[in-house]
Structure formats: C-alpha cells, structure tokens
Amino acid sequence: MHAMSKAMKFNLAMITYSGYLPFLIVMLIIYSLLSYAMGFNTHFTRHETGIGELIDRIEDMRELAYSGSLIFITVVFYILPLTRVRNGRFENASAAVLPLSLPVSRREYAHSRFLYTGISSLLLVILFTGLIATGIWCRSGSLGAEGRIAVRTWFALNALMINAVGMLSVAACLGAKIFLIPVSAIFIAASAFIWLIPPECIYQFTASPFFWPVIAAFIILTDMVSVLFGTSLFRKRDI
Amino acid sequence: METVVELRNVTKDFKNFRLEDVSLALERGYTMGLVGANGAGKTTIIKLIMNLLRKDSGTIKVFGMDNQAFEKEIKQRIGFVYDENIYPDNLRLCRIGSLISNFYKDWDQERFEKYLNRFDLDPKIKLSKLSRGMKMKFSIAVALSHNAELIIMDEPTSGLDPVFRREILDLLHNIMEDGERTIIFSSHITSDLDRIADVITLVDNGKIVLSMSYDEMMRKYRVLKGPKVLIDKIDPSWLQGVRINRFGFDALCLEGEKAAREFGNTVVLEKPSIEDIMVYYSGKVGACNE
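Same order as they appear, the protein sequences are chains A and B.
Mapping the first sequence onto the numbering used here, position 172 (from 1) lands on 236, and the numbers just tick up by one.
Mapping the second sequence onto the numbering used here, position 15 (from 1) lands on 16, and the numbers just tick up by one.
Treat the hints as calculated values from the structure; they're not laboratory data.
Being a predicted model, the structure only gives us computed values, none of them experimental.
All C-beta atoms in this analysis are idealised placements derived from N, C-alpha and C, irrespective of residue type, glycine included.
A hint or two may mislead.
Stated by the list, open to error - Footprint (simulated), chain A over chain B, 3 or more residues, beta carbon under 8 angstroms:
1. 52-64
2. 67-78
3. 97-109
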C-alpha cells in the first residue's frame, strides 16, 4: 500500500507535468460551464410540457455526453497523458519504463493508475452532476421531480462516458502496447451504446427506483473488470 | 564470491528476433561489458534483467533472488541508465530527484546534489533544456544516489563525444574502487569496454557467443595471420571467422599460445582488441572471402 501511494503520487506528478495541465484545466472549466448551463436550461422545459420536454432534454444531454464527456474529459484527462507523439505517430507513453525500473511492482503500478483514474473520474462525475443540479436549482429554486431525473440522467451518462470509458481505456493502455485500436473500440462501443438507447428508455431507467443500485453496480462492475483485466494483462506484457 | 546476476537458459521470442538459451553469471565487484552489434540482443538482455520484458523460459536471478518474485527488493539495489531519456522532460532536475527519492530507502540527497554539482547540472533547470550528454549524466547521478549495488547501463556512451565518454568511464572506474559495486555496461563502442570491463560477454544474433574475463581473453586470443598453405594444418576448432585473401588468411585464434608454440615464426600473432573479437565472431569478415 505504501509503494502504491508513492506510485500514485508519482502518477499525479507525471500527469501534472505532462504538459497537458493548462489544456486539462481549460477543458474542465468549459465542461463545468456546459453542465451548469444544461441545468439552467432544463428549468424552462420543466414548467412547460413536462415529460415530453424532459425527454427532449435527455436527448440534448445524450448528445453532449457523447461528444463532450468523451472528448473534453475522458480523452484529455485519461488518454492524452498516457500517450506521446514520436515520428508523427501516437505511441503508448514510455512513462511505464521509469516507474517499472523503480522499486515498484507491476501490480502496484497498475493499481495506482486505476486508483487515480477511478477516484478522479468519480469526482468529476460528481462535480458535473452537482453543477447541473445547481443550474436547475438556481433558476427554479428547487429541483422538483423532473429536475431530479435530469440530474440522475446526467450522472448516469457521465458515469458511463467518464468513469467506465476512462477505466476501460486505462486498462487497454496498460494491457496493450499498441493501444489505439482497443481504446478506439471502447470509445466507439460506448458512443454506440448511448446513441442506440432511445431517450425514452433512459428516462424510464432514471425514473425507476432501481436507478441508484443499478448504476452503483454498473460502476463497481466496470471498474472491477477494468482493474482485473488491465492488471493481469499488464503483469504479463513486455514494456 | 557472491553471484549478483545469473541468467540460466533464458529464451525470449519476438516476431523477428529470438534471444536463445542465454546463460551468464556476474560476481560482485566486477564490471561486465555486454558487447555486440546493434540489434544483437544486448538491450533485450538488460530489459529481461530489469523485468521490463518477460522471459519465455529459463531463470533470472539477481542477488540470488528471482527477478520477478522479488522485483521490488531487487530494484531497491539497482541503479539504471538507459540509452534514451526516460525521465519527464518538463520537470526540473531537483523535482525529478525528489520524486525518485520517494521510492528508495537509501536515497542520499546530499550525494545526489554532489553529483549534480560535479556534472555542472543546475538543479533548477528543466531536463528538456539539457543536451543528450547532460541528460545521460543526470541519469547517472540518479543511478548513483541511492547506494545501488548493481548498476545497469544500456549504451550510456552512445552518441556522446569522446570527452564526455572518458569522463563517464573515469567516474565508473572510481565508483568500482571499493569492490562492492557491480556494473553491467552494454556498448557497441568497444574501446569503452577495453577501459573498464573485467568480464566481456559477446552477444551475436540473440546468442551469447563468448563470456569470459577480459584478462583471460587477452591472454588466450590472438589475431592469427599466415600463408594459405597453413590453414589445413591448423585445428579448425582453434579458429574463428577465417578470412582468406590473396596473400594468405587471417582469423581469430582461440588458442594463441598453442598456435605460437606449434607454428612459431610461420604465422603472425597479434593481440586482438574487443572490436577484433566482436567482428571475427560476428562472421561478417567472411563476406570478404575470395
């Protein structure tokens, strides 16, 4: 555990000084504002046609999550710091050569990567969910039933696009030397998944009493699968 | 005498390259020069020792421990220098030092600063501002700042000018004086190994073709030159990389003393350099045969 916390600290420093930090901060601000604006706009629909307008809003959220969460957050926070450009090609960053030459086991290093991704992605999801709720509350003074569904929807979409995709992508980066193909496959699968589910189904899911247990189980399961597969492949592969 | 590094029948397969049945041993206090042409397998051996590559078969022991099962314990005692920079370019040297220091129980900050000072490296400068030679010096400073018992260096002198190279070799010479440290030093610049290596291991096309002490090699081996008529009279097992030309033949003679006794003045026997040995063993000289 002690070595893992050192590796975690090392990871954070690597990401902080990877050169992407300003870009990362700008994306965080933009996406925070977008989340807030999404909540602020949701107010108008709530007082007009109820569920129909709410489903339209879910559709908007789906589009924003598809493009925004994935590109603004997951790529910038979890993929770019793991890559480097050499001879005009994206490569898996050689950063692993340094930590793996230090007294850290592969398992500890992989776990520290997942710990960083898991914690930070959940914090981001909570932040964006908090901001959409703030947007709704600021405009109407309360959340209301529809507002709560909007907040749950935003949480679910971001949990998928940021936490699940982020963890699976880190697993792919750790597990495969040439990682662009598996990472692209994860992105395409996640986007297709969101795209193919009708907003009405999303509404029914977010309005159901099973929402929180199901979403919690989904997060835990995806994260566990990512950690198990990523760590196991990383322990066996050449650096 | 403690065996610090031991590889036994290690094999590693890649798509276009195979490291085959590699066995070698290095005792405490010695410097092993891993020599071979580019692509011969030197870096693969080093990466296998460092557990950056996973072996397909065989055993690798460092300080008597399996290098996968006791990876952390072993790496506490290893200093490493690779042929390319692996440290983050955007960080200042002092920051990299403080990050790395967290991992080592025996990190000596005073010694780290002393080395930076000795190498004229400003702790406040970013690594990206340094030349290749200076980056290499920084890597060496890090490797020497945690009392590493085994120092593994993969082509540390390639691409460096002769002054830098000499400085690094002198430094290695100094740190070996206490007899407690062991060094594995890979290079295709064989003149560097002539200066510091106690043991020479020659790697060619994924195989260890020779591993023996430098002194023994220099005592036994000779470059033998003689008339063509003699070639059939010499035991073929004595010769390596025979080259025949209009005037006679030349080859690396593995039994220099015996050849001198048997053939006397009819042959010329010269002391070989590591480069001679490497070239004759690689078999590339055969390409010039008539």
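Against the structure, the hints come out as follows:
By the rule of at least three residues with a Cβ nearer than 8 angstroms to a Cβ of chain A, the coverage given for the segment 52-64 of chain B holds, with 4 such residues. A stretch counts as covered by a chain when three or more of its residues have a beta carbon under 8 angstroms from one of that chain; for the segment 67-78 of chain B and chain A the count is 5, and the coverage holds. Interface restraint, the segment 97-109 of chain B with chain A: holds (5 residues with C-beta to C-beta distance below 8 angstroms; minimum three).
When each numbered hint is compared with the structure, no violation occurs for any of them.
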